[in-house]
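K.L.:
Residue numbers (full-length UniProt numbering), protein chains in the order written: chain A, 1 to 402; chain B, 1 to 402; chain C, 1 to 402; chain D, 1 to 402.
Derived by calculation from the structure, the hints in this document are not laboratory data. Among the hints, a few may not be true.
Using C-beta positions, here's what the derived DEER-type ranges look like [unchecked claim]: (1) G339/B <-> R374/D: 37 to 45 angstroms; (2) D161/B <-> R102/A: 33 to 41 angstroms; (3) H133/B <-> A56/A: 52 to 60 angstroms.
Quick caveat, the model's predicted, so the values are computed rather than measured. Each residue gets a CB set at the ideal place from its N, CA and C atoms; glycine is no exception.
Protein chains: 4
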Amino acid sequence: MTRHQGRHFLQIPGPSPVPDRVLRAMDMPVIDHRSAEFAELGRAVLQGSQKVFKTAGPVIIFPSSGTGAWEACIVNTLSPGDKVLMVETGHFATLWRQMVARWGIEVDFLPGDWRHGASPGEVGAKLAQDTGHEIKAVMVVHNETSTGVTSRISDIRAAIDEAKHPALLLVDTISSLGSVDYRHDEWGVDVTVSCSQKGFMLPPGLGFNAISEKARAAGKTNKMPRSYWDWEEMLKPNAGGFFPYTPATNLLYGLREAIAMLLEEGLDAVFSRHQRLAAATRAAVKHWGLEVLCLEPAEYSPVLTAVLMPPGHDADQFRRIVLDNYNMSLGAGLSKLVGKVFRIGHLGECNELTLLGALSGVELGLSAAGVPHRAGGVAAAMAYLEGPVEANAPMHLKVVDI
Amino acid sequence: MTRHQGRHFLQIPGPSPVPDRVLRAMDMPVIDHRSAEFAELGRAVLQGSQKVFKTAGPVIIFPSSGTGAWEACIVNTLSPGDKVLMVETGHFATLWRQMVARWGIEVDFLPGDWRHGASPGEVGAKLAQDTGHEIKAVMVVHNETSTGVTSRISDIRAAIDEAKHPALLLVDTISSLGSVDYRHDEWGVDVTVSCSQKGFMLPPGLGFNAISEKARAAGKTNKMPRSYWDWEEMLKPNAGGFFPYTPATNLLYGLREAIAMLLEEGLDAVFSRHQRLAAATRAAVKHWGLEVLCLEPAEYSPVLTAVLMPPGHDADQFRRIVLDNYNMSLGAGLSKLVGKVFRIGHLGECNELTLLGALSGVELGLSAAGVPHRAGGVAAAMAYLEGPVEANAPMHLKVVDI
Amino acid sequence: MTRHQGRHFLQIPGPSPVPDRVLRAMDMPVIDHRSAEFAELGRAVLQGSQKVFKTAGPVIIFPSSGTGAWEACIVNTLSPGDKVLMVETGHFATLWRQMVARWGIEVDFLPGDWRHGASPGEVGAKLAQDTGHEIKAVMVVHNETSTGVTSRISDIRAAIDEAKHPALLLVDTISSLGSVDYRHDEWGVDVTVSCSQKGFMLPPGLGFNAISEKARAAGKTNKMPRSYWDWEEMLKPNAGGFFPYTPATNLLYGLREAIAMLLEEGLDAVFSRHQRLAAATRAAVKHWGLEVLCLEPAEYSPVLTAVLMPPGHDADQFRRIVLDNYNMSLGAGLSKLVGKVFRIGHLGECNELTLLGALSGVELGLSAAGVPHRAGGVAAAMAYLEGPVEANAPMHLKVVDI
Amino acid sequence: MTRHQGRHFLQIPGPSPVPDRVLRAMDMPVIDHRSAEFAELGRAVLQGSQKVFKTAGPVIIFPSSGTGAWEACIVNTLSPGDKVLMVETGHFATLWRQMVARWGIEVDFLPGDWRHGASPGEVGAKLAQDTGHEIKAVMVVHNETSTGVTSRISDIRAAIDEAKHPALLLVDTISSLGSVDYRHDEWGVDVTVSCSQKGFMLPPGLGFNAISEKARAAGKTNKMPRSYWDWEEMLKPNAGGFFPYTPATNLLYGLREAIAMLLEEGLDAVFSRHQRLAAATRAAVKHWGLEVLCLEPAEYSPVLTAVLMPPGHDADQFRRIVLDNYNMSLGAGLSKLVGKVFRIGHLGECNELTLLGALSGVELGLSAAGVPHRAGGVAAAMAYLEGPVEANAPMHLKVVDI
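Extracted from the complex, chain A is given alone in its bound form (with noise of 0.2 angstroms):
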């Protein structure tokens, strides 16, 4: 048996694989967090994520999975009893909509398909019809991990403006922030919440939050009890670029290197290697007749594909098989979708090697599991990333760009 040898292919849809330069950078002595030496880690950090978020407001960084960003972003902007509008995209959207009615919100869920992002009409048609602006804020996912499907924040930043409404727009960009067109700023977004292990290509343990001048005077008068999350604590010293509590020193190194790295290539590099990759997988899975969850092509997720597997196969016992012969991790299929869809992540520090790796050992697992498919997926990616760098990224950046 040759299992289990060689380097594994993480490719879930995050934590995605830390570069080898994000780890050694990490792995280095902790310093004071007091001292003259640490300000200057600090402020590279928190400046160098302004250019990622694309804003010119702060960027907290919360030593926090992405859960505790999601937590910062409620407790700083709502108030017991607020209404809010959210959109079930899929199971996170879920989850953090559970989130926000623990702190006592009430939710206008938005139902969807899961297949779907959410829709920028239908946003604005709720809003227009909140004549009295109960709606305190619209909460998306911008990236939805369990589904593979990108919402167009700009078109609803768009309803909001057209209901104008005053609504607060608050955007998780978890998966998204780093691999996909962003734009804090230029969209109007009043809460961007993101965390360190996908886009930022860290292990996890940091949590994001940017925001807008608006979101911040929101703080100010909201009437949630918060102490950790408090954004106003954090501002205070992050002007030093200290924080009010011990940070995660060594995480802080990774993030300054990996800043760096997105710098290096360029965000629009970035960005437009995530679509070719997503793009390539999905010609793949086109080819060997399985069906991608997304259904509007305008919303396919350039960081994860989600993948539905044909009537009487089940993803995980598929997603096991390839585990075991294959040394491969995929997505699980989460809540209403497990065993139904497996989800291949190419993102991060994936390229196309790797993801053509990843991809034959979907092939080669698809056939140890018995699920029937037309051979020939790898080929068609192969048949896709030959094709002009020029030609095929400017199609897909209108995904986002729309």
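With chain A held as given, fit chains B, C and D onto it using these hints.
P.N.:
Frame of chain A; chains B, C and D shown alone:
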């Protein structure tokens, strides 16, 4: 100039220096947090942590700083309007009190002079007066990192018991756990709060709550909104070695290694080592003619020593000179002690020669800063360390064993 | 452009990719090379190496490249004016011959076409003619890294025995040891030369000589000046786990870990894995309509495949395109094969998906470089790999077992 | 017991502690040694090394120990039957002499007492007598690692010049280069031999030869068989940043980083730092009432101090006690000094506090071993270090500048 060359001496009272074994354990590819391989890691660190907290009950690990673990302790046990008894042992007790207040809890804050630990007698007296049992919890910092004073938790437990008071006992062991003798179960503590970057010798980024049955029961009826910190949400997946949201995987790799190191040395040996190094440090301070901030020998901290500067001399100016000339970080005085004390950390991976190098740096720094002192402190520390391990260790172990 | 992003595919026939476990084992403080702790390390690697060479006799480890181990083999066994029989299997055999000549040895160099291994028959015939036993040694390269052709060492041993010739058998296993079945003792080899950066999965920097009793005896009377490479100087301190001069300590840390990895997987499993990956590679090459340089199926290399470019196409131009477009390094044609072949390394830490990623890169590169080929090579490799492990492995193990 | 906990103090005179930056630079994937990326690395280390050797001529880097670099120096410049003048400065000079003899060279070995450096006067006298110019080379160890005595190379150069003797000047700087002022070109040295694990602060595994025009010319006509060590074979590919056989790539990564560190600090600052630390060490030794082996102040080594044990006390027993009790490695007495001296290394990454920690360990060890001494040596070292850098540094720089 020979400045800032060679190995930095990180002698702050945490983060403590991370051993190479731990850093290297963390410097490995991240794995799928839903895999069987992860479950093994999860179980290893959850069970290993129990040994360090000396509890048979659950230990919860958050991706957070220690401050987050403070908050978790509060929101899982108390309700708005509750009253708690806290003791002003120093800066961190004061910060914790502020956090408690932010959560709408009324605090009876026993005043302190920052030079003594929490008085079991005063705590007992307060509880005895509270015949209506309005006090829901007694909250104490085991090792006050800002002052180098420990509080005798087992005595406080005894005082609560004597008062036959049902209050929960909530203890901050942020800078003591894994360095100072501590017994969650034996001492009847309800929640023990800790973090990764002190006795666990890890980078910052993990918060801990060890919880008693009684604390857990309190959490089932208390009225504090919460989601990220909710124990019950954690305990469900923890049973299988998993976490409800993405854990800080690489820090958990490090935690597994750090626990192994603590158990290899033996917790009692670890505690005894800290006692000896602390006593040696005090011998140096005494020889220099400087004053240890802690006034009660039975409460000397084994992990740090806060030293008072003579009047007219600024501790921060001294610390800067030490950093610039001898490449060593010392801890600053905090809050009302700013400029008045410096703190020498001697915890975690510290050993005799590292300590003596550090004390040499203090002595040279005193001289360079023109602080009046009697030369020979390092020699005094050496003289102490030459004493038989068997003879001096038990004497000091009494500090926390009383 | 998405160029040079993500993980580099190092698919040269060595240095092979170093596993994270090995790199991290090396990333530790150097220790005193005269300490008891070092002696443990020394014994571990010296004894562990014996298992990989399959010898009960001594293995000598030099701080050197493999070229140094070649030289050590020569100067410890031969004398100026001696005559040896060598076989022109390719570039490295030719280089070794040049080195032998520089040491004043006469070489009878059996000509070869670089597409076959050493012929046991020809070797036997030469020895049979040498009735005066002027030939002191037969020197053969086990796996010719420049051509991807293995020589059947056990058959050559048989040929020597049949000729009843006393010549020493000196074998270069630089690119085969730890990847291809090899048995120093069982095959009666006198000196086996190897290095760290191929099957041992280490960075370059260690050279090895495994030596028979007969070789050692030869070294006691031969007349070649030497000091650094002298076996006897090594063997004395080696007995205690030490070395006569400062060893490459951190590479030895890595060697200890690498040997552990090989033994954990099991040498037979390692060999079988290499056989399968090599066969899959040839399936791809055949499908592309390209020609494998090696003409003898029983001599196909399990560690690399050298592929002939169609006339009119330059292999180095192709390799450049692959590197620039797909971030993969392939091996160049060497010496008379410059521009005519490229070499695909599939050794060491390689597994199925890594190989398929690499083959995808070759196929895409052929296309990008305008090299005529039939698309579908990757699919052919996948088809091969889908075959039952049990069925195909034994067939291929025969390659070297004949 | 607090034994073997915390950071090990590696205070042998090499290998010296490897800085984290260097270890981490080495902890990266190996690259294709025939690629453009490698050529950049190759050029960087070859040119950077020239700055450290202070030469405009070529520096050759071998995958070898320093012993290998000794051999390379010999076989590239001398011929069997040649005569050389060497000086018995200690154990390593004696080993080098033995190596020279093994290569069939006649050695005129000026006897020494192991407590003084090579005498320029005696060397000059010998050369003056050698009117037939039979002596082909003068071979001297710059810093005798076994004794802690430096030889004044510029004075020896002057003596050779005064004698108008054409002998080559071959100098071993194995434990001095990068720590002690050394000027290959200015001092007219023909071959400077060095290695990676001392002043370069790398793990062992690289050997160096810096060579003059005259040395290179000698190598073109000398009659020593060689291949691995042949300079000309190296120099051809070196011109493009490549090597004739697989180089120790990861050590070269480390070398690039280490050279950067030396140049960032500034070579003069590095030398001055070593002088100060050495002088502080001697202040301690003197205070203890022990004797420094080196009898000539102008020849005190800046990198190590060898200390004589009082009669009746065994240095190795003392070293064992220090290791067992204080987790520090000291250097042993070698050859005729076994048991009679111990050696304190203070080179490479060493700084004041590391040194003072180390000296504390020596003082505690003397006490634990019952070696008569006057307490207070560490204080004496501190007193020395308190002196103004400007005042003491120049005084000591004279040691090698005379």
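K.L.:
Against the structure, test the hints numbered earlier, and report the numbers of the ones violated in rising order.
P.N.:
none
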